[in-house]
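Asks: As they're listed, the protein sequences go chains A and B. What the first sequence shows, in the numbering used here, is residues 172 to 653, in sequence order. What the second sequence shows, in the numbering used here, is residues 172 to 653, in sequence order.
One or more of the hints may lead you astray.
Remember, identical chains collapse to one label, so a pair may be satisfied in a single copy or spanning two.
Each computed DSSO-like pair below joins lysine-lysine, with the alpha-carbon atoms no more than 30 Å apart [said to hold, decoys possible]:
#1 Lys539 - Lys234
#2 Lys231 - Lys539
#3 Lys439 - Lys234
#4 Lys467 - Lys396
#5 Lys234 - Lys353
#6 Lys238 - Lys353
#7 Lys539 - Lys238
#8 Lys396 - Lys466
#9 Lys353 - Lys231
#10 Lys539 - Lys439
#11 Lys532 - Lys436
#12 Lys231 - Lys467
#13 Lys353 - Lys436
#14 Lys539 - Lys396
No wet-lab data here; the hints were simulated from the structure. Since we're looking at a predicted model, the values are computed, not measured.
2 protein chains.
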Amino acid sequence: MVNFRVVTYILGFLLFIEGLFMMLAAPVSLIYDNSDAETIFYCSLLTVFIGLSFFLWNRKCTKNIGKREGYLIVTLGWVVFSFFGALPFYFTNAIPNFTNAFFETISGFTTTGASILTDIESLSQGILFWRSLTQWLGGMGIIVLSLAILPVLGIGGMQLFIAEVPGPTPDKIHPRVRETAKRLWGIYVIFTFLEVILLVMGGMNLFDAVCHSFTTMATGGYSTKQDSIAYFDSPYIQYVITFFMFIAGVNFALSYFALHFRFNKVWKNEEFRFFLGIILVFTLFITLNLVIDMKKPLEESFRESLFQVVSILTTTGFVTADYLSWRPFVVVLIFILMFFGGSAGSTGGGMKVIRIALLLKNSFLELKRLMHPNAIVPVRFDGNAVNQQIITNVLAFASFYLLTFVISSIVMSTMNYDLVTSMGAVAASLGNIGPGLGAVGPMENFAHIPVFGKWFLAFLMLIGRLEIFTVLLLFSPHFWRK
Amino acid sequence: MVNFRVVTYILGFLLFIEGLFMMLAAPVSLIYDNSDAETIFYCSLLTVFIGLSFFLWNRKCTKNIGKREGYLIVTLGWVVFSFFGALPFYFTNAIPNFTNAFFETISGFTTTGASILTDIESLSQGILFWRSLTQWLGGMGIIVLSLAILPVLGIGGMQLFIAEVPGPTPDKIHPRVRETAKRLWGIYVIFTFLEVILLVMGGMNLFDAVCHSFTTMATGGYSTKQDSIAYFDSPYIQYVITFFMFIAGVNFALSYFALHFRFNKVWKNEEFRFFLGIILVFTLFITLNLVIDMKKPLEESFRESLFQVVSILTTTGFVTADYLSWRPFVVVLIFILMFFGGSAGSTGGGMKVIRIALLLKNSFLELKRLMHPNAIVPVRFDGNAVNQQIITNVLAFASFYLLTFVISSIVMSTMNYDLVTSMGAVAASLGNIGPGLGAVGPMENFAHIPVFGKWFLAFLMLIGRLEIFTVLLLFSPHFWRK
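Next comes chain A alone, as it looks inside the complex:
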């Protein structure tokens, strides 16, 4: 049987933490003299109170957390966080419609960044701060999830990294999660802090610098400006954000090594080199297209290409240019990038670079297998032969990802969105990117989507964020059986 009491116990604790963070938005609101401070404070108090009640009520439960409990906590955690996280938006009347408030919040916690707001600058600083903070917290959550929890649960071929993750490698989840989490969060905080300093040095005010650093490191992409990063007409600021999006899209375990000057471990990492290669190739092609075909100046072309490529690849979703107004060639490249996603163990979404790399390697090796049917030809990664079970899992993941993409595109098309908009909205939600194509492109927003569509896309953000299997398992008979 599933131990629901321990699930409630942990969720209560997490909710309590969320409430404390939410409380931070109240003084921010006060500083900027917003009228929202009081409402935000009451919302956070309610969250803290309910969280604490559940925590204390179940404190005597047996503390054994197995696979089933792990899956439940992870999935319900994101949902519960989003429900309570939506309260400040709703009660301050910043987003007076609850569906919209929930959409905006889960888009935050899943670090997607798809927004229903049509006039972001009209929101108070307190609310904007909370909006950015949801992404930063979501990023924290995903780091622990992908580097500490999922490997133990055996999800999505993540076992591959178990050796790479700094920290002890015990049998139980508990001590492992705690140790790993501490070290990775340290890095996360350091990078966020560094970005704030560099942005302020570039002339950005402290509030915007903090908010954008939150959403950069989470690869979230919420901006305090309607025009996103295009608002800051400064190459310096754009390069700084590009750099930190890049860092946030790399496995945080590698950043840990880099900060300990063990650069050879970084460079020897095949996923990292794939990640770098994708950025270079796509940036090169798009830069050339902008320079030759659209006669743009070289530096501007390079900067805009690099920014957009890194932003989409890492699934951040910041924009400095309307790429849909560029040539079809660029639009197709951007659309393809939407499926890659960041590295495993980063805050990025999507299918993850390592899975794409394994898929490609496995496919090309099949040519060798066809010529030598009796030879054993394993996929090698980082110098080691990869277990066939992991390959099968990665392939199943990719199939589910594409299947979800296909079925969801059909669902969106029933709302009379054309092929491009349907596919764009789904790819952007499932990949936790934010802006998509067509009517949900970088210069548009998700406000016009019908209520059902918003809940549906919110669900896609969730299953994309949780590596699909985590959520699918809950709907599978194998999960509930015996």
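Knowing the structure of chain A, use the given hints to seat chain B on it.
Replies: Okay, now just chain B, sitting in the frame of chain A:
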């Protein structure tokens, strides 16, 4: 070393056969009093002569045909056939541009059906007959290839059917190919003949009936009319063609069993049931959409839905309605159908229903594997556990198919075709369907594609038709090594 002489020997023989078939178009031309009869006759004479020369010149070669020779014959065969097959179009001035003539011919032999013609009815009967015949011959070729040659070469998980194919199961390719081919071609001819009779009974003239029967059974889709099947404003004719497209999309081995009254073997075949299921579900959805959303009469909605679904699923590409003018929901469904393709061992292209079925089964079983990591959970098909090697191969195939689709869409977009047209043209060529989306939709044609684009799409038709691996292997170092 590759035995090039035996490759030339076999290709010479096949070319000789092609020449003989081409010769048939000359009397057809004479009957209808066309001026093209003489030119067609000379073209066929040239083909026969060159084929025979190569055949006789190499008749003393060692006759051992291994894997390498098999791959080369299959790939080069289609290319050589198309070069010579283009001669009548070119020299009669029916298609005065050689790129266009080659495109039209390889689109015929690969049973794709994508056309560069803007006024089909202006062509002479002799030329139209040859155009339809290329598809019929291509269909014959693909039946032998997929049911007799590929299983022996170990391509694309086709080993799965080796037990299903009627005929002896020896070690050598030679007797197996001959026996299997004979039986399957018998069925192919019978069905073609039946369709001709049924179409003539419906009021179609003999010439059109023969041409359309050729291209139906090959799932080719070339019509003698610019408006395709929409020209024949007869529900009877549309239902007859639907039925034979369906038959042509089913594994011909199953038709063999059905003709021997062993219906239980047909019904127990899982791929067949998947195939049927896809047709039913998609037809139901589209019919409902047409009836409810577009207020069309029920029978017409059903007929048009069924026709388009079967035509696209079997990769025939006949049209009775401009589906792009329907709701986005339908367009998305049609686009998705373009990837399924017919059954393995049919004349249909695409990824093949069985591969999709295996992919889905394997993915859902992964959920079970995650909950029971130590259990061995094989995919079962037709009641048997499927070898893991076959699953890996199918997954590699699917990856290559999608990779080819993605890269090719990028290539098409460099010619400034928008995302939808780029993807549509590639999906339709790679899947051997014919009409795509956007500017290459069912009411359009491929004439406006630049020269490079035409050669590129022709290449896609070839690799799509030959199950990708066959062609890719020729470009792989593993093929040429040692």
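Asks: Work down the list of hints and note, for each, if the structure agrees.
Replies: Hints and how they fare:
no. : hint            : verdict
1   : Lys539 - Lys234 : between (50 Å within a copy, 25 Å between copies)
2   : Lys231 - Lys539 : neither (58 Å within a copy, 32 Å between copies)
3   : Lys439 - Lys234 : neither (40 Å within a copy, 50 Å between copies)
4   : Lys467 - Lys396 : within (25 Å within a copy, 47 Å between copies)
5   : Lys234 - Lys353 : within (21 Å within a copy, 69 Å between copies)
6   : Lys238 - Lys353 : within (22 Å within a copy, 57 Å between copies)
7   : Lys539 - Lys238 : between (38 Å within a copy, 13 Å between copies)
8   : Lys396 - Lys466 : within (29 Å within a copy, 45 Å between copies)
9   : Lys353 - Lys231 : within (26 Å within a copy, 76 Å between copies)
10  : Lys539 - Lys439 : within (25 Å within a copy, 34 Å between copies)
11  : Lys532 - Lys436 : within (21 Å within a copy, 38 Å between copies)
12  : Lys231 - Lys467 : neither (66 Å within a copy, 64 Å between copies)
13  : Lys353 - Lys436 : within (21 Å within a copy, 61 Å between copies)
14  : Lys539 - Lys396 : neither (52 Å within a copy, 46 Å between copies)
The earlier numbered hints that this structure contradicts are 2, 3, 12, 14.
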